[in-house]
Structure formats: C-alpha cells, structure tokens
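Chemist: Each chain, letter by letter, is given below.
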Amino acid sequence: MKKEDNLKENWKKDFPYEKPQATQINRRDFAKFLTLVSGGLMVGSGLVAAKAYLLPKEEVQGEHYICKKNEVPVGGTRGFVLEGSTIPYILIHLENGEFRAYEQKCTHLSCSVFYKPGSGIIHCPCHEGSFDANTGEVLAGPPPRDLPRLEVIFKEEHVYVKAFIKVKEREV
Amino acid sequence: MSTFRKSQNSASPGKLSVILSTLIFVQILNVSIQIWLLYTALNNALDNNTEILIPAFIASVVLFFIGFGWLYYLPSGNFTRYK
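These protein sequences, in sequence, are chains U and B.
When you number the first sequence by the working numbering, it's gap-free, plus one each residue, and the end is 498.
When you number the second sequence by the working numbering, it's gap-free, plus one each residue, and the end is 92.
Some hints could be false.
As the list claims (entries may be wrong) - Result set (DSS-like, lysine-lysine): computed pairs, CA atoms no more than 30 Å apart in a straight line:
1) K15(B) - K345(U)
2) K383(U) - K492(U)
3) K358(U) - K24(B)
4) K345(U) - K383(U)
Unchecked claim - In silico negatives: residues of chain U with every beta carbon more than 10 Å from chain B:
5) K328
6) K334
7) Y379
8) E389
9) V398
10) I413
11) P414
12) E421
13) L435
14) C437
15) F440
16) S445
17) E463
18) E477
19) H484
Said to hold, decoys possible - Covered, in the sense of this in silico footprint (three residues per stretch, anywhere, with C-beta under 8 Å from a C-beta of chain B), are these stretches of chain U:
20) 368 to 374
21) 401 to 412
Simulated from the structure, these hints should not be mistaken for lab results.
For each residue, glycine too, the CB sits at the ideal point set by N, CA and C.
The following block holds chain U by itself, in its conformation from the complex (with noise of 0.2 Å):
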C-alpha cells in the first residue's frame, strides 16, 4: 500500500463519519442543543435562589478583636482574618483619622485589593477596579459589587469589628 493510501485509510478510522453524516449535523440538532443549554441555564437561576433561601451567607458574629488603634499607621492597613473564617480582610486607617474595615477580595474574580494611601481609594491591580476607602463603593473598573464591610469600633484604644448592617435607602 502507498503511503498516501495508508494516511487516507487512518484518516477514514480515526474519523468515521461520511459527509452527507457531517452536514446533517446541522441546524435541526443545533436547535435541540440550544433548548438543552436553555435548560441549564434555568436549573442554574433555580440552585443560585435556592442556595440564597435555603444556606444564606452568614453575618459574622458577634464582635472581634482586631489590634490596637496605634499600630495601624494613618495611611496604613492591616490584614486579618476572623476566628472560624477564612475569608481576608483589611482594616485601613483612612487619613482623615476614621478606621474602615472591609473584605480583600474584589467582587470582580476575587483578586486581593490593597489601599493607595492618600488617594481614598482601594485598588485591584487585576483588572484596575477601584473603590471609595470611605464607603466600599465602586468608583471605577469591572467589578459589580461594593465591597462587602465590616463596622469598626472602639474600646478605648483598641479596634474590633463586628458585622456592618447596611441601611437600605428605602427604609430611611
């Protein structure tokens, strides 16, 4: 056997489909795909509402001890995470003097943010997202979502933290 016969003879075992086959494939199946696709994407909204009704996310509880008021720098920050938790945090000392508590990881894919002192911004450097050191919001980027916060508060000259209730605007 020649060996361009021998290529053609394998070609035709590893793939086993005759034109006609390979056409046919076409716009009738393509359509039946797209209701399956349609279908997954219905059992995806359905287990993202059931897993926020039935496993809600849990508010950190009760309140935390983080450090003492003078070992964090104006300008400066400091990572930690709470007892029982794995999820990072970051507690910036803003330079007007107020300290603000929020979640390191980007809302946009989870990159870690860090502050830019000075500027009242906190940066992700994945995707240049940024937001307001004062309130979480987002200022600029991709990210959908404000950070999520922590409320600081003081006993005497130390820092703890507990969960930060958000007031809606319609109930104010």
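Starting from the known structure of chain U, arrange chain B on it as the hints suggest.
Modeler: Leaving out everything else, chain B in the frame of chain U:
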C-alpha cells in the same frame, strides 16, 4: 397517501430553511436573556439582595418552556434522512 406535503415542499423549497432559522434565532434570543438573568441573579445573591432571585428563576423557567415548545415546530425535513 396524500401528495400535499410533497407538492408544498417542491413549490417552496426554501421554507424549511426559513422555519429553522427563525426557530434558532428565537432560541438564541431566549438563551441570551437567560444568561443575563443568571448573571443578574448571581450578582444580587452575592450582594444579599434575595428578592429578585425568584422572579429571575420564574422568568428563566418560562423562557425554557417557550424554547422547549418551539421544538414542536421543528421540521423533520423534506425527505427521509440517511439510514
């Protein structure tokens, strides 16, 4: 056996193509809306806004059944497929 279908098909041979293209167009539209609904639902779920999730799910179910119902109109072709 009636020759109605055969004569119809030979009179307007492009009909099958038009029906299929329309079906697929509507299904792509449905799937696009469903992707948008899922994206919105996820974002709101992560932001603890749960009130939109059930309506988004219901809309997704309706769109799926519209797409599924469309399959009833899927033409089987003018001739018997290869055997």
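Chemist: Confirm or reject each hint.
Modeler: Going through the hints against the structure:
1. K15(B) - K345(U): Given pair K15(B), K345(U) holds - Cα atoms ~26 Å apart, limit 30 Å.
2. K383(U) - K492(U): Holds. K383(U) to K492(U) sits at ~15 Å (cutoff 30 Å).
3. K358(U) - K24(B): Status holds; Cα separation ~19 Å.
4. K345(U) - K383(U): Answer violated: K345(U) to K383(U) is near 53 Å, above 30 Å.
5. K328: 31 Å, holds
6. K334: The assertion about K334(U) holds, with a minimum of 22 Å to chain B.
7. Y379: Per Cβ check, Y379(U) is inside 10 Å of chain B; nearest 7 Å; violated.
8. E389: Nearest chain B Cβ is 21 Å from E389(U), so the label holds.
9. V398: 28 Å, holds
10. I413: Holds, because the least Cβ-Cβ distance between I413(U) and chain B comes to about 13 Å, which exceeds 10 Å.
11. P414: 17 Å, holds
12. E421: Answer for E421(U): holds, closest chain B Cβ roughly 28 Å.
13. L435: The claim holds: L435(U) sits with its nearest Cβ about 12 Å from chain B, beyond 10 Å.
14. C437: 16 Å, holds
15. F440: 21 Å, holds
16. S445: 25 Å, holds
17. E463: At roughly 12 Å from the nearest Cβ of chain B, E463(U) sits farther out than 10 Å, so the non-interface label holds.
18. E477: E477(U) clear of chain B: closest Cβ-Cβ about 15 Å, beyond 10 Å.
19. H484: Correct as stated: the minimum Cβ-Cβ distance to chain B is 29 Å, above 10 Å.
20. 368 to 374: holds (count 5)
21. 401 to 412: violated (count 0)
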